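Asks: So you can see what is in the structure, the chains are spelled out below.
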Amino acid sequence: MRTGLRKWSLALGAAAFFALPLISHAQLTTLDIASRNSMESHVGGYTGHVHDAAYDYRRYCVGCHGDMGDGDGEVAQWLLPPMWPKPRNFQLGVFKCRSTPTGTLPTDDDLYDTIARGMDRSAMPVWSQFTRYQRNNLVAYVKHFSPRFATEKPGTPITIPPEPEVTPERIKAGQEVFARVQCWKCHGVQGMANGPSASTLTDDLGAPIAPFNFTDGTRPKCGDTDRDIYRIFMTGLDGTPMPSFADNIKPDEAWDLVFYLRTFMQQPSKAKEIAKKMDLKPVNPNP
Amino acid sequence: MHVFSRSSLRKVVHSAVSLLLAALFLLPVVLTCSQPANAIPAFARKYGLRCSACHESWPILNNFGLKFRDNGYQIMNDRDAPIWQNPGYWPVTFRITPIWHRFSNLQAVDTYTGVTPATPYGGSAIERISSSGFDLSGLDFHTGGTLYNNISFYALPSSDSTGAFHFETVMVRFDNLLHSTWLNIKMGKFELNNLLSEKRMVGLTGDGGEYQTYHFIPVGDGNMFGQMGDNQLGLEYMGHSVNDRTRVSASLLSSQDGNVGLTLGANSYSGFFTFDQAIDAGKWDVQRIGGYAFVGDAATYFKTSGGVPIPGSGIGNKSFSREGVIAQFYFGQHFDVNFVTQHGQDNAWFGQGYGNAVSTDGDGGVTCTTPTAVGGCPPNNTPGTVLPTTARAPSWNGYTIEGRYIYSPQLIFIGRYEGERMSQQATVGTPSSLGNINMEDAIIRWNPFMTNRAGLALQGEYTLFHQVGTGPTVGATTANQNENELLFALDFDF
Amino acid sequence: MKSQYNLAAVLSAVVLVSCGALMLSQKVSAAGEGKITGTVKIDGAAPHMRGIDMSKDPYCVKANSGSAPHMETYVVGKDNGLQYAVLSLDGWSGQANVVTTEPTFDQKNCMYTPHVLGLDVTQTFKVTTSDQTAHNIHPLPNPMINVGWNQSQPPGAPAIEKSWKNPEVIPVQCNIHPWMHGFFVVVKGPVAVSGEDGSFTIENVPPGSYTVKAWHEPDETQTQKVTVAAGSAATANFTFKAK
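Residue numbers (the working numbering), protein chains in the order written: chain Y, 1 to 287; chain V, 1 to 494; chain E, 1 to 243.
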């Protein structure tokens, strides 16, 4: 009896030893994902549930994101980066558009907003027609694919000070930040995504990826308000080469940088109007 | 004496019913083995979305698909312009449907009295004629999408089942003018902005394939212009809120029911106006309520040359109107009901039969070989013609109720009821119920799979159509028309 | 009064004894702890390492004008000593964080120094930059094992303090300078990284039998069994074949 038990536990131990690396490197199993079926989401006074999203996920999402939320739906093979980014693998718990610091989980609101906003310049449509009920359920569904949401709390959203008035001094200061932290290395000195390092960028999964071209009239991926742009460089786009500059840009300076970036973009803005009269020259990459 | 004996008719019905029942019993088996649905004709192919993302059940649009269409067939991801597509992508889908159907209606059938060829006919009697067999639908070539960022197009050459083509849709639309979703202008021949669009009907039978409410005119009425279900030629302004919850449109149309060549509709115009508002009802999905109005005028006579109507010379324009309410109620994700109401009114001239200058040879032209023969050409409102004192402006009320049960994006059950009720006949003394319609339509549609490139649906359908006073006439009696059709179809698109 | 003094006496005695026990236990372990030393060598000739074209960044070119930079996949010193192999104890079940040092991972002349950092789980380390060109520090763990992050380090940036929760070999890269490659090798228990001559010393090893694991990039592992006697050093040598 005793020896049998020992043999059995030895066998189990050996199996676990070999299985552990397999599990960690392979995708999650249906069983593991189902263990998080009670995941909830809370946005705008509604509570979302995994079970209530299943029908919508099958109708709208599974083609790209796959049955197991691993980004391997039947269409994914035709999405070729950098032109068409691959669909998000929800199992990894890594998300681009967050209000929380790099390396932390997004809040329910972040995921909720991403679903309705879609992802510009990608195959992720603008799903703004969903009701709040449907969207909350889908957020819960997205979360339940990743073990991280069961064990970790989302990060604390960064504090964004109120937006100051745009002035020529602030735009100039913003240009100095742009030069100091060397955004131009990837984004180019005129924001045209043609910096010296732009051509070799790859994302966390090794696929080629392009930096944002501020000048081509398209919108930033995580929203096109000033606050959204502030958040991008102060939290970074996890899973991509875009880092968080939170340790290197002070909140007030961050607004200056937002205003300077606006001068590159085609969308009309106060900063653009002011910059027209300023005759700004691009930064010098080799001072 | 009857052509078909009662017992053989019963046999046909029995076998049809048992076939239907067999199909129903097979469903659970089939459901468990059904492949996942991934569909992609044209638009789906371009964006990599399944058919079910835009369509409740193709071709019925869901809210996402409606928004996609209202945006000018654009997802609004800054990658909609054709320049971003692989050069191999070509926005074409074709659709055709082989069917088996059995159609049955009442006709006045000659009765034989003798065998001598000189006097073979003794009279006629009302009989039910049923015909069944394999058949084809027409072919649709759909092509549409974007020509450029915010410039969209659609062209739909469509043939009838004999292969004779016409243009169902040809349009260009300027979308999101001045960067606003409230400014979209479309020109050409296009589907009217009906929430419950006839062009998106799932019904395939001869009766089922159109909404009675959109085509109803009183018996003898000459106005064939106010046909809401058909695609029309004109100019449309359309505006909507960013998430498509509020929608408005105003179209200026030529009153020619979409017929080309300026033959009939020259010099007369109609306007089609719609408005609808959607409400986020939480668990119950989105509810939509709106209204429409179709008002216009059309010619009641044509100038003639040598007795033959001159194309494009229509004058004596009289007015007509159709207006109503439309509602879409969703009860959760699996069941929805659509209502359309209509109050219609035609000018008394139309009521007396003036206006319809379609020739008897059916090609839509205005050639008329015997202008004075009774029944040879429709009446022409020549100078000096007065309406009889018994003439009235006919009016009616109609309603359509369509309920849909969506078991899954691959299996849908639809039931439709339509009723049209005359409220004022065109001539005093006409029986008040003349022309009233009741029709019912039941559909089961199942998509066993939709591959990355195509869609296929198996459809079973049964339609019943009753109309008062438009059946065959024998002697002094005019029967009510009573038609039914049973249909099985393999509807596919690629 | 007497009871109060009694209480005070008892309390202080307890405190003294526990402190003493703590110190003693440390002393006991320090006295009893041994180490494992050895050398990691490469078999055969040192493989040729490609030169790096740093022309993307003129600052990097200038910073390396003294010595041409090379890939650091195999860094071989005298007598075929292989640098940057990571030595650890397989199946360590003792307490984590036996070391109290806080190593530094520096970005210097557009290369990582050191190329490989050996770390215990939850051990904190610092990431610094000595360069006048901007870098971003972007470790790429398996998200199912460790949580990654991506932070900028422009010239003059303050140090970043981080740690890793679970054992893993974590590649680290700079997106701005794609030739920069390094590793955080996170293990449970004591860890050492072989030096220029291939020698290493794993400190703070309590007496016992162990399987020493040697890892070298890209993905090679070797093991050896040793027994460590109290207060003495066991030896384990490894030889890797160049890939």
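Since the hints were made in silico from the structure, they are not lab data.
The reader is advised that the hints may include incorrect statements.
[Said to hold, decoys possible] Calculated cross-link-like contacts (lysine-lysine; reagent style DSBU-like; alpha-carbon spacing at most 35 angstroms):
| # | chain 1 | residue 1 | chain 2 | residue 2 |
| --- | --- | --- | --- | --- |
| 1 | Y | Lys86 | E | Lys243 |
| 2 | E | Lys162 | E | Lys213 |
| 3 | E | Lys213 | E | Lys56 |
| 4 | V | Lys199 | V | Lys283 |
| 5 | E | Lys78 | E | Lys62 |
| 6 | E | Lys56 | Y | Lys276 |
| 7 | Y | Lys172 | E | Lys213 |
| 8 | E | Lys241 | Y | Lys172 |
| 9 | E | Lys126 | E | Lys35 |
| 10 | Y | Lys250 | E | Lys162 |
| 11 | Y | Lys153 | E | Lys162 |
[Unchecked claim] Here are the computed distance ranges between Cβ atoms for each label pair:
| # | chain 1 | residue 1 | chain 2 | residue 2 | range |
| --- | --- | --- | --- | --- | --- |
| 12 | V | Leu177 | E | His70 | 58 to 64 angstroms |
| 13 | V | Leu177 | Y | Ser199 | 35 to 41 angstroms |
| 14 | Y | Glu273 | V | Ile289 | 41 to 47 angstroms |
| 15 | V | Leu464 | Y | Ser35 | 51 to 57 angstroms |
[Unchecked claim] Which bits of chain Y does chain V cover? Going by a derived footprint, with three or more residues having C-beta under 8 angstroms, they are:
| # | segment |
| --- | --- |
| 16 | 75–84 |
| 17 | 118–132 |
Since the structure is predicted, the reported quantities are computational estimates derived from the model, not experimental observations.
Cβ atoms here follow ideal geometry from the backbone N, Cα and C, with glycine treated the same way.
Asks: Can you confirm whether the C-alpha distance between E/Lys56 and Y/Lys276 stays at or below 35 angstroms?
Replies: holds (32 angstroms)
Asks: For the pair supplied as a hint, E/Lys162 and E/Lys213, confirm whether the alpha-carbon distance does not exceed 35 angstroms.
Replies: Holds, because 25 angstroms separates the two Cα atoms, which is no more than 35 angstroms.
Asks: Hint says 41 to 47 angstroms; check whether the CB-CB distance for Y/Glu273 and V/Ile289 agrees.
Replies: holds (42 angstroms)
Asks: Regarding the pair E/Lys78 and E/Lys62, is the alpha-carbon distance no greater than 35 angstroms?
Replies: holds (28 angstroms)
Asks: A range of 35 to 41 angstroms was offered for this pair. Does it hold for the Cβ distance of V/Leu177 and Y/Ser199?
Replies: Cβ of V/Leu177 to Cβ of Y/Ser199: about 37 angstroms, so the range 35 to 41 angstroms holds.
Asks: Are E/Lys241 and Y/Lys172 close enough, with their CA atoms no more than 35 angstroms apart?
Replies: Given that 35 angstroms is the threshold and the Cα spacing comes to 56 angstroms, the pair is violated.
Asks: Between V/Lys199 and V/Lys283, does the CA-CA distance stay at or below 35 angstroms?
Replies: At roughly 29 angstroms apart (the allowed maximum being 35 angstroms), V/Lys283 and V/Lys199 satisfy the hint.
Asks: Does the structure keep E/Lys213 and E/Lys56 at a Cα separation of 35 angstroms or less?
Replies: Violated. E/Lys213 to E/Lys56 sits at ~38 angstroms, over the 35 angstroms cutoff.
Asks: Within 51 to 57 angstroms or not, the Cβ separation of V/Leu464 and Y/Ser35?
Replies: Taking Cβ atoms as reference, V/Leu464 and Y/Ser35 lie about 52 angstroms apart, which means the hint holds.
Asks: Does E/Lys162 lie within 35 angstroms of Y/Lys250 when you go C-alpha to C-alpha?
Replies: holds (21 angstroms)
Asks: Run the distance test for E/Lys126 versus E/Lys35: straight-line Cα separation, threshold 35 angstroms.
Replies: holds (26 angstroms)
Asks: So if I understand the rule, the pair passes when the alpha-carbon distance is 35 angstroms or less; does Y/Lys86 with E/Lys243 pass?
Replies: holds (32 angstroms)
Of the hints listed earlier, those the structure fails to meet are numbers 3, 7, 8, in rising order.
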